[in-house]
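Please construct the entire structure, taking both the sequences and the accompanying hints into account.
Residue numbers (my numbering), protein chains in the order written: chain A, 1 to 499; chain B, 1 to 125; chain C, 1 to 491; chain D, 1 to 495.
No wet-lab data here; the hints were simulated from the structure.
All residues carry an ideal CB built from backbone N, CA and C; glycine is no exception.
It is possible that some hints are incorrect.
[To be verified] Covered by chain A, according to a simulated footprint, are these stretches of chain B (three or more residues, beta-carbon under 8 Å):
1. 20–34
2. 80–91
[As the list claims (entries may be wrong)] Example chain C residues on the side facing chain A (calculated, C-beta under 10 Å, incomplete):
3. Met66
4. Glu135
5. Leu154
6. Ser157
Here's the letter readout for the chains.
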Amino acid sequence: MNFVQNFPCFSIVLCMVAGIISTPLKGKGAKRVTLFIVSLVALLSFVTLLYILFTGTGFTYTMGRFPAPWGNELRAGLLESLLATVFSLVVLCSLLGGMDLIFTDIAEDKVNLYFILVDLLLSSLLAILYTNDLFTAYVFVEINTISTCGLIMIRESGRSLIAATRYMIMSLIGSGLFLISIAMLYGVTGNLLMEYIHVEILELAASGQYQVPLLVIISFCTVGLAIKSGLYPFHSWMPDAYGYATISSSAILSSLVSKSYIFLLIKIFYCVIGFDLIVQSKIVNVLFVFGLVGMIMGSVSAIMAKEIYRMIAYSSVAQIGYIYMGIGLATEAGMVAAVFHILTHAVTKSLLFLSAKGLNEASGRKRVYPALQGAAFRNPLAGAAFLIGSLSMVGIPTLAGFISKLLFATAAIDGSQRKMLPTLIVLEVSTILNTIYFLHTVVRIYTPVGAPEEYKDVRIHPTPGRIGALVALILMNFGLGLFSQPITDLIRAGIEMFA
Amino acid sequence: MGPNLALNVEEVAAVILFGIGFTTLLLHRNMIKKIIGLNIMDTSVYLFLAAMGYIEGRAAPIVENGVTDAEYYINPIPSGLVLTGIVVSVSVTALMLALTVRMYRRYHSLDLDEILIRMQREELK
Amino acid sequence: MNSACLALAIALPIVGGALMPLLRLPDKKRNLLIEILVLATSALAFACVLRRPETNFVLFHLTGNMTFSLRLDGLGSVFTCLIAALWPLATLYAFEYMRHEERTTSFFACYTMTYGVTLGIAMSEDLVTMYLFYELLTLVSVYLVMHPMTRKALRASRTYLYYSIGGAAFAFIGLVFLILYGTTTNFVLGGVLDMEKVGGNVQLILLVYVLAFLGFGVKAAIFPFSGWLPKASVAPTPVTALLHAVAVVKSGAFALMRLTYYSFGTDFLRGTWAHFAVMSIAMISVIYGSTMAVKETHFKRRLAYSTISNLSYVIMGVTMMSPAGLLAAMCHMVVHAVMKIGAFFCSGAVLHQSGIEYIDELNGLGRRMPFTFGTFVIFSCSLAGIPLFGGFISKWCIAMAAVETAREIPYAYAVVGVLLYAALMTAIYVFTVVVRAFFPDRGSVTPHPEVTDPNWEMCLPLAVFAVATLVLGLHSGPLLDVLQSIANGGF
Amino acid sequence: MMITWMFGAAILLPVLSGLFLLLRRGKIQNRRLKCVGIFLVMALTALLAVGLICSPDYELTVWRLTDTISLTFRLDGLARLFMGMTVAAWTLGGVFAFEYMKHEENEDRYFGFYLIVLGVLLALDQAGNLVTLYLCFEMMTLTSLPLVLHNMSHEAVMAGLKYLFYSIGGAFTALFGIFYLFANGLTGSFTPGGYLSAGTVSYTGTTGMTLFVLLLIIVGFGTKAGMFPMHGWLPTAHPVAPAPASAVLSGVITKAGVLAVVRVVFYMVGADFLRGTWVQYTWLTLALITVFMGSMMAYKEQLLKKRLAYSSVSQVSYIMFGLATLTVDGFVGGLAHFIFHSVIKDCLFLCAGAIIYNTHRTRVDELRGIGKEMPVTMWCFTIVSLGLVGIPPFSGFVSKWYLAVGSLGSGTGVFTWLGPVVLLLSALLTAGYLLILSIQAFFPGADFDYADVKKHEVNALMTVPMILYAAATLLLGMFPGTLIGFIQNIASAVL
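See the structure below:
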């Protein structure tokens, strides 16, 4: 066994260790440890990615010494390591970008707790990505929930408390459904390791037994994860949660947390149930419809939003709709598009949140639109970053969003005829809606007149961390937009590794 | 159907409990009742898992009498899952209770709607 | 000539414009620099047209067979020449016009960048590249619309933005379909659809064509999507004149030519329901634009409505789906550019010298500003399609193409009818201005008796455009020869 | 070569001197000098035109707009006829205007455009192909516009715009047909007898469509000739223009529409193509409707100049009717009526102008007893009125005779007899609306008070043109032979 094969496990454990180390440290120390570990994890994940690319196959890693079918396993393929790399990079950028605010927003004695939560969150994210058995998945889903809740409520304002509560309730409902589906799956197959369940299920499907329980399992599992990832009718917690947490939390939560559940769902679709069975079960059609509705409703809510953060948060609702639409197309191309959009959204949303914070700082910390008039001139970097993020979301060529859109459209045309037209039309309508709320804001921040007097002449000079984070995210955006071919190839290969 | 129900009495109970817990969590406005609902829901799943995990005639997966044959014991994973689940649900409950305390201190209410109203009123000030 | 020159011609104004605000030059020096920059770009563009690079220039590969690449072909050359000729003059006019405005540096920066982006549209080798520049055009030009920074201007800029990006969104569908169903996305006269792949999906592809047509048509202000154009006339006149009579809207028309003749192919489209649909759309736009122009009393908005109608002349030419149609469309594209930019400059000169915006205040101003209104008479005659002026030639070409097409598709006779209806409306809306300026009602007051013609920086472009209109009308043989060979695929 | 120069000079001389006058507007103080100058220009132009008329037929291609579109001028019988009428009417109208325009403002502008229109009309008369014809037609509309709205009252400006839009609209309607004919192969210059009947050109248009566009052309160019349903501009525009302008508008410019129709129908398409088709019947119907309706409206009208304008509506359609019969006699009658009506209507408008100039009376019922005040004017008025009604030996009789003969021999079914009936009816109405004026002017009735009526005739600049016109009416009526012979030559070539 190659040493590199330990890296996925190392990353998860390292994050936890970082959390433990941070406990006695003060804020500054915890910050250093966390940043170091997150960078290290990014590096490890990248090495894993290279390793898999090099060897051409994924690998599984058995935790503890229990052999299958009993033990817990990790599985690293192209897709997992790719996402792990991007996720840890985004966490790093988000932390750097919001670092000064972490220290001002959060009570001094709790700063180290914040970093512990971030460590915990990253470890759970990585575990959800890498896991190869449902047991581990469930445990880390819960850890994820708890740490997320902590990240939301650590900035002790009334709204963040309530947002955390609402988030918890929705999440717990989701995990309850997920858990019961796991239990039933165990009841039907007698296994918790993905590969074994898959084998059993294939046999069951071939013999025609347990059709109804299987359908119930699929629905419970899908609905549970959909609720947790904030698919349209279950999104009500998102705006408050993203809008009122400290900015690093917002960036991380909106770009990563819900995506990890979506990835888990994709993984279950492929590795546990089997994609053909999923397509037969028609559950994808439900996802498809809700995805489409979410695309529109999210955008409409974003247009109605009166504050910039809520606007971005609602935009996340729409973007999650995109991803579910891609899954709902039930083709490999659709899945590639969905995964690519996970990446796009991760790099873009964090960019948007960080730059929105910059604009907000340049506007007397007011979040309503009129205050933002001309903010891009008061904080040029944040303005440019917001501009680029918005253009990416709208789908201007050379940026990541365009490629996502292209992949979605191509997938739709290649896929089933019945889904093609709705997809295309909703895609375009949602582009127009995106334009309305994003570019409206861009126009506003680039309007040099009409700024309120009291901070007309404010000039914001961002911290080096902020500059670095924004520049890095911008570059990642362009990178995804310009060199999408290798990345889509990677994703396609990764999905083929699942099957 | 009848015999099946009678045979699987644990599972039936679990499903009923799950329903009760789920609706309580979803529909009640009182925070404490929500938390109770959450616990009922979780417990039902554990009951279900434990019932599933038990195979008639086998022992708990603790090595007894030096017998290491896997056929002798039940699969330890579901039991492990239940144990972990209990831990998780305890911590989640704790977290929820902590949140509830915080909110009660701030808004003097356990009713979620009431809290929302008070929050908005507070922000308007 | 090396094909990198194409990229250079595009990059020069974009980079130069982007750097302009950083230099912090005094106004005079900045103007000089910009004019030199623009002239250099134009020279380069003309050089590229005259000694056309044989190869393409690949900026970079996107995915699979999608590249961002530049190449100059016949149609592109026409558009390149058009904007390269107009831009320096319009810039000159803008210097004087913008003298008393604020934030001129950022204005000129965007103005110059728009030049590069428009050249990019003209020089794109494939649909993807064109789509890129098409979106960029929206983005750089939106600042120019919002420049006055009044509430109205801001609202107009938002409308412009929504319409344009929304249009591009639908054009995007066409793009994706072409990627999937075409042999390539490059522009090839006659179309690139792969009939094997199309197979039984003909109806679908036609629907997509119509959607893409509507999408690109937004920039060309076809009827249901023309609302942004009159609103955008709040922008400073150099913008309205150059962008909303030439660069932006012609880009839309240009894109439609590319889409129809070079991507989907006229053989595929001719005689289908899609053909009828786009023809009807063009006709409705012409009728709508010209009728609304008659109703409108705001000088610039009237010209904007006139632009809507005239652009759809171009599109009517496009929808004839024949080489003659393409010829007519290109011809009207050129002619309309010259005459409409001139007409707008006249309205701008009036606004600049006297502050008058509405036509019913123009009483007797022809006496005070004889040069301005003298040239306006020329542009008016040309717009109305009086022989000896440029507009007649292009209308003649459109009508000839329409009659030719009508032999197979009698529906095209309606195009001729619409053309003439619009010509009448055009006569009404331009000649009322002329009559009011030169023959005011007895008893009406001439406002601002001290108003005079503007200085040479504004008059020179007017004179050039007026002469150009006349020359196009009197001696269009060479131009038509060139366009003819382009339309037949000779270039 | 000589002819080229003469041709160029005949057109450019008035145009350039008109432009010069416009540019030096208000700068020339000496009015007498100016008038002499203008007169010299007109006289010289007339001489050049006469020179051209006397020269042999020619065809000049002046310029090529594109490879297919050329500006071509050709001189033939029809062109000679129209040119002759144009210079005559223009010179006399100009002389009249020297006096009439004294009390109007902006007379420089008037004379400037007056000269320019003269040049344009000379070009129009000689236009050699469809595009040139259309070009000159549009130019004529645009340059004659300032004559209509000359007095700049709100009413006049509105009337001017109405004139403009009707004319341009009509021209565009005709342009549709031109497009069609041109695109299908009728690209040559005008040939007597046309191309289609003779089959000398490969024509790709369908018969049905060609007929349709011909109707469009007839209606379109007929707008200028005030033919129903596009006659609305005429009664509005004529009364507001200065009297000499009304005279030439009515006498010459409306006839440009006739010229254009003749050129297309008889010189491009060919009469045989049209004969017996629904288009011919439509044309006949429209012409007759206009004849009758114009007379009726004139009869009802109380404003003198407007009455004359309606009269023009009616009379020009006599010409149209004659042409529409597609017979030699009808053609001769039509063109003869063109000359006669021009002479008569010019004179009538000049008389009306003289009355307005002298007495500021504009309504018919104010003219009782005016024969005593302005005997020369009213005598001229009476003579030409008789001509218009068609009483021998005045000229109108000759043309109406030919029209009736043409109609009866046309073989157009009901129109063979309906035509003459309508013409007769209209002649009665003409008598009713014109002669009643003369009667009231000379015999105001017993209750008319002659006490404060003094004779105050206008001066020679105004009376001489009127007298000349009246004399022409009489002479042409008595000795029509040369003219009729000339027109018959043309007719035999085209039919």
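Structure-based check of each hint:
1. With 6 residues having a beta carbon nearer than 8 Å to a beta carbon of chain A, the segment 20–34 of chain B meets the requirement of three or more and the stated coverage holds.
2. Note: the segment 80–91 of chain B has 6 residues with beta-carbon separation from chain A under 8 Å; the three-residue rule is met and the coverage holds.
3. Using the Cβ-Cβ criterion of 10 Å, the hint placing Met66/C at the interface with chain A is satisfied: the shortest such distance is roughly 8 Å.
4. Hint status for Glu135/C relative to chain A: holds, with the closest Cβ pair at about 5 Å, below 10 Å.
5. Nearest Cβ of chain A to the Cβ of Leu154/C: about 6 Å, under the 10 Å cut. The hint holds.
6. A hinted interface residue such as Ser157/C counts as satisfied when its beta carbon comes closer than 10 Å to some beta carbon of chain A; here the least separation is about 6 Å, so the hint holds.
In summary, the structure agrees with every hint in the numbered list given earlier.
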